[in-house]
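Visitor: Chain S: place on chain H using the hints.
Next come the chains, spelled out residue by residue.
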Amino acid sequence: MGRRGSGSRAGVGGVSSVNVSKFMMASPAQTGGGATGTLSGVEHAALTALRPGQVAVIREIRLEADDAALLRAMGLCVNATLRVFRVGSPCVVAVGGVKPCKCGGMCRVGLARALAGGVYVELKG
Amino acid sequence: MSDAGTSAPVGRPSGGTSGSRDDGEIRRIALLGNPNTGKTTLFNQLSGLKAKTSNFPGTTLEARRTFVRAGSEGGRDGVLIDLPGIYSLELDQLESRVCREVLAGTSAPIGERAVPPECAVVVVDAANLARNLMLVGEVMRRRLPMAVVLNMMDVARAKGIDIDPARLGAALGCVVVVTNARSGHGVDGVRRAIRDARIPTPEHAVPGSDEGLREWADEVADHGVAAGSEGPHRDILDETRSDRVDRVLLNPALGLLVFAGVMTGLFYTLFVLAHYPMGWIDALFNGNAAWVGSWMPGWLATLAGSGLTGAIEAAMPEGVVRDLLSQGVVAGVGSTVIFLPQICLLFFLISLLEDTGYLARGAFLMDRLLRPFGLPGHAFVPLLSSHACALPGIMAARAIPDMKERLATILVAPFMTCSARLPVYVLLTTLLFRDRPALAALAFVGCYGLGIFAGVGTALIARRTILKGKSRPMAMELPTYKWPSVRNAMVTTRDRGWTFLKNAGVNILLICIVLWWLGAYPHVAPPKEATALREQASALVDSQPERAEELSVTAVEMELRHAKAESFMGIIGRTVQPVFAPLGFDWQLTVGVMASFAAREVFVSTMTVVIAGQESDDAAGDERLMTRLHDATRSDGATPIFTPATSWSLLVFFVLAMQCLPTLAVTAREAGSMKWALLQLVWMTGVAYGAAALAYAVMA
Numbered sequence: 002m003g004r005r006g007s008g009s010r011a012g013v014g015g016v017s018s019v020n021v022s023k024f025m026m027a028s029p030a031q032t033g034g035g036a037t038g039t040l041s042g043v044e045h046a047a048l049t050a051l052r053p054g055q056v057a058v059i060r061e062i063r064l065e066a067d068d069a070a071l072l073r074a075m076g077l078c079v080n081a082t083l084r085v086f087r088v089g090s091p092c093v094v095a096v097g098g099v100k101p102c103k104c105g106g107m108c109r110v111g112l113a114r115a116l117a118g119g120v121y122v123e124l125k126g
Numbered sequence: 263m264s265d266a267g268t269s270a271p272v273g274r275p276s277g278g279t280s281g282s283r284d285d286g287e288i289r290r291i292a293l294l295g296n297p298n299t300g301k302t303t304l305f306n307q308l309s310g311l312k313a314k315t316s317n318f319p320g321t322t323l324e325a326r327r328t329f330v331r332a333g334s335e336g337g338r339d340g341v342l343i344d345l346p347g348i349y350s351l352e353l354d355q356l357e358s359r360v361c362r363e364v365l366a367g368t369s370a371p372i373g374e375r376a377v378p379p380e381c382a383v384v385v386v387d388a389a390n391l392a393r394n395l396m397l398v399g400e401v402m403r404r405r406l407p408m409a410v411v412l413n414m415m416d417v418a419r420a421k422g423i424d425i426d427p428a429r430l431g432a433a434l435g436c437v438v439v440v441t442n443a444r445s446g447h448g449v450d451g452v453r454r455a456i457r458d459a460r461i462p463t464p465e466h467a468v469p470g471s472d473e474g475l476r477e478w479a480d481e482v483a484d485h486g487v488a489a490g491s492e493g494p495h496r497d498i499l500d501e502t503r504s505d506r507v508d509r510v511l512l513n514p515a516l517g518l519l520v521f522a523g524v525m526t527g528l529f530y531t532l533f534v535l536a537h538y539p540m541g542w543i544d545a546l547f548n549g550n551a552a553w554v555g556s557w558m559p560g561w562l563a564t565l566a567g568s569g570l571t572g573a574i575e576a577a578m579p580e581g582v583v584r585d586l587l588s589q590g591v592v593a594g595v596g597s598t599v600i601f602l603p604q605i606c607l608l609f610f611l612i613s614l615l616e617d618t619g620y621l622a623r624g625a626f627l628m629d630r631l632l633r634p635f636g637l638p639g640h641a642f643v644p645l646l647s648s649h650a651c652a653l654p655g656i657m658a659a660r661a662i663p664d665m666k667e668r669l670a671t672i673l674v675a676p677f678m679t680c681s682a683r684l685p686v687y688v689l690l691t692t693l694l695f696r697d698r699p700a701l702a703a704l705a706f707v708g709c710y711g712l713g714i715f716a717g718v719g720t721a722l723i724a725r726r727t728i729l730k731g732k733s734r735p736m737a738m739e740l741p742t743y744k745w746p747s748v749r750n751a752m753v754t755t756r757d758r759g760w761t762f763l764k765n766a767g768v769n770i771l772l773i774c775i776v777l778w779w780l781g782a783y784p785h786v787a788p789p790k791e792a793t794a795l796r797e798q799a800s801a802l803v804d805s806q807p808e809r810a811e812e813l814s815v816t817a818v819e820m821e822l823r824h825a826k827a828e829s830f831m832g833i834i835g836r837t838v839q840p841v842f843a844p845l846g847f848d849w850q851l852t853v854g855v856m857a858s859f860a861a862r863e864v865f866v867s868t869m870t871v872v873i874a875g876q877e878s879d880d881a882a883g884d885e886r887l888m889t890r891l892h893d894a895t896r897s898d899g900a901t902p903i904f905t906p907a908t909s910w911s912l913l914v915f916f917v918l919a920m921q922c923l924p925t926l927a928v929t930a931r932e933a934g935s936m937k938w939a940l941l942q943l944v945w946m947t948g949v950a951y952g953a954a955a956l957a958y959a960v961m962a
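Those sequence lines, one after another, are chains H and S. For the first sequence, the residue numbers in our numbering are 2 to 126. For the second sequence, the residue numbers in our numbering are 263 to 962.
Pulled out of the complex, with its shape left as it was, chain H reads as follows:
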């Protein structure tokens, strides 16, 4: 279900409970049918592992399709920049765009821990 006819890249059944995940050419079966091998060899932290103030780029969303679709619609999509303001539940992040932009983007999104744990990011800076 989830996003209608969108061929979502998310759609992973079980979410890993570990905070730091290393995907080595993850197969579709391992990642729920949508992942590609673009993440090989790169370590990505779950959002729950970040500290307040850290800035990161979303690299993968490993959640059920409908949750992933909602996050994407709220701006939390792959390649979007974010900054963590609060960890725990809710995890509060500021969401920027996928490209540098002078148009702002001041939205703050609160995520339950279960959702934040499915958002994998690459730390910036």
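Note that these hints are calculated values from the structure, not bench results. If you're wondering where the values come from, they're calculated on a predicted model, not measured in any experiment. A virtual CB, placed ideally from N, CA and C, is assigned to each residue, including glycine. It cannot be assumed that every hint is accurate.
As the list claims (entries may be wrong) - Some chain H residues well away from chain S (every beta-carbon gap over 12 Å; in silico): (1) Ala46; (2) Ala50; (3) Glu123.
Said to hold, decoys possible - Here are some, though not all, of the chain S residues that point toward chain H, as calculated from beta-carbon distances under 10 Å: (4) Asn298; (5) Gln355; (6) Ser358; (7) Lys730; (8) Lys732.
Guide: Using the frame of chain H, we list chain S on its own:
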């Protein structure tokens, strides 16, 4: 699908310039936008407070519509349909589905024709443009004439973000207008934009993929930045004042303390302020002796002292019509309208709080407490409101996005101890613990605890059985804190109050009339003993006037008891008494329980009439009444009616039972089906019966 063309478009003037237009000439305009973009504020500005509210067919989603004049610059009048705030048209959520169907012309609010809108107006937050443009892109994919409203430009400019509507319009290929919905600035421009709406011809075609859509949105947003703009004053990801406030308000300990304080303040205000209009309404219908002034003419003194009920009884000859009007219709209207102050005030205060941005934080805080029971954080306010009255509590459950979670909240809300239970609690705890106020208070607190326990337990069972489904973890935008809009709060209040009166109110009125009839008919001749007492009183009226008065009062009490016992309600009570025997109820208590089916507080007045034959209106009377109730015996003349076991059983029954028909009427409306109301009735009555029988068995 909609019921096509069942009524004229909303708010349309009956005469005037547009009066001759055929319905087919009226444009249908869909108003869309992300949550927190000021869409509703803009709608209120455009509607001039003349919106009509209905539902989308087959849902409990509210649809507001208003008539929009084309204005002096030409074009055609139209009906503006306010669609639910959504982040995407493509989500598998009810709100998104409704928006998709309205844009496709396969659905429309009840009362409107299901045809594709001739124009889609998308409201975007200028301070959060790129994310908002994703929805714009999704609408553009549907090839509808459209216009974009760039709202909250003042907020964006304050942050150093300057968007040029002309440049943005060129990039999107459609009209872009700037508004400040709060102040009303630019609202006329929206009317022009509706007139000039066209199918967009964007510089860059909207990509079909999700990833492409986000990149496209960022690109278009960048195109829209005014020439020479250096961008926001600070990095978009920098900490703001709202973020600093959130450190406190979302803190698990401090945040909860603040939340408790805010909620206490809200409900204290509700109780204090609602008390006055409720008293006025009560006095209007039932009278208030304190309102009678010596200067008043007779008719006004009657109205003030006896209310509308008394005035009708004084003005009309005795008979069925008079009784129906005074005790059925007027009393029924009174018992409906009396809820309005609490409902209106609660929604006014909640609307103000929501507008500040705080309620979103509160929902997150409560989510941790309620989630283990299958309820979302949003359920907290409805459940807390239900401690005042279940009716506004159930109506407040509309804020819960997930339908199953909303239904679970509606089902359990009446378990919370509402103010109507309090007279019953006072009566029974006083009978149980006379002269031991500390124990009475403890029992009182226990009643509240039992209600909450039953509520969350029921929610847990419902979410694992009939409302089984994934509890969706919360993801919510946390809007920047701001001053609330009183105008928006008033519009919400008016809509909620009117919805209550229009839908639930009619049902409540009918129920009240039926219950009045059951309790008042058939009229029976007074008992012989009462007649004999009256004769004695007549004989003594000159020689012993005080004794005569006493005898008359006793005769009246006997007549009232007899009338109640021989009424249809009394007959039903005696017939069904065996059902309540395991709970320790005799026929008199059964009549009290049956009569209070409409409203719990009726139990106290019924008991005083059935057992004591009188109602009291002063403290000394209360004490005498309590003694009489305490000493009252069953038909055998020896067994007390209120034994400790029976009192405990009754108390447990009233904590848990659904003794409130107005609540059922509101549940049926808010849940979208009578079956949920029936389920609520059966479940709550079953739980109450079982728990009361257990209490009786243990205590007896």
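Visitor: Take the shortest C-beta to C-beta distance between Asn298 of chain S and chain H; is it under 10 Å?
Guide: 8 Å, holds
Visitor: Checking the smallest CB distance to chain S, is Glu123 of chain H really beyond 12 Å?
Guide: 15 Å, holds
Visitor: So is Ala46 of chain H really clear of chain S, every C-beta pair being over 12 Å apart?
Guide: 17 Å, holds
Visitor: Would you check whether Lys732 of chain S satisfies its interface hint, that is, whether its CB is within less than 10 Å of any CB in chain H?
Guide: The hint holds - Lys732 of chain S has a Cβ within 10 Å of chain H, the shortest such distance being about 8 Å.
Visitor: Regarding the assertion that Ala50 of chain H does not contact chain S, is the least Cβ-Cβ distance greater than 12 Å?
Guide: 17 Å, holds
Visitor: Restraint: Ser358 of chain S near chain H, CB-CB cut 10 Å. Satisfied or not?
Guide: At 9 Å from the nearest chain H Cβ, Ser358 of chain S passes the 10 Å test, so the hint holds.
Visitor: Checking hints one by one. Is Lys730 of chain S an interface residue toward chain H, by the C-beta closer than 10 Å rule?
Guide: 16 Å, violated
Visitor: Does the interface hint hold: is Gln355 of chain S within less than 10 Å of chain H, judged Cβ to Cβ?
Guide: Status holds, d = 8 Å.
Comparing the model with each earlier hint shows a violation of hint 7 alone; every other hint is respected.
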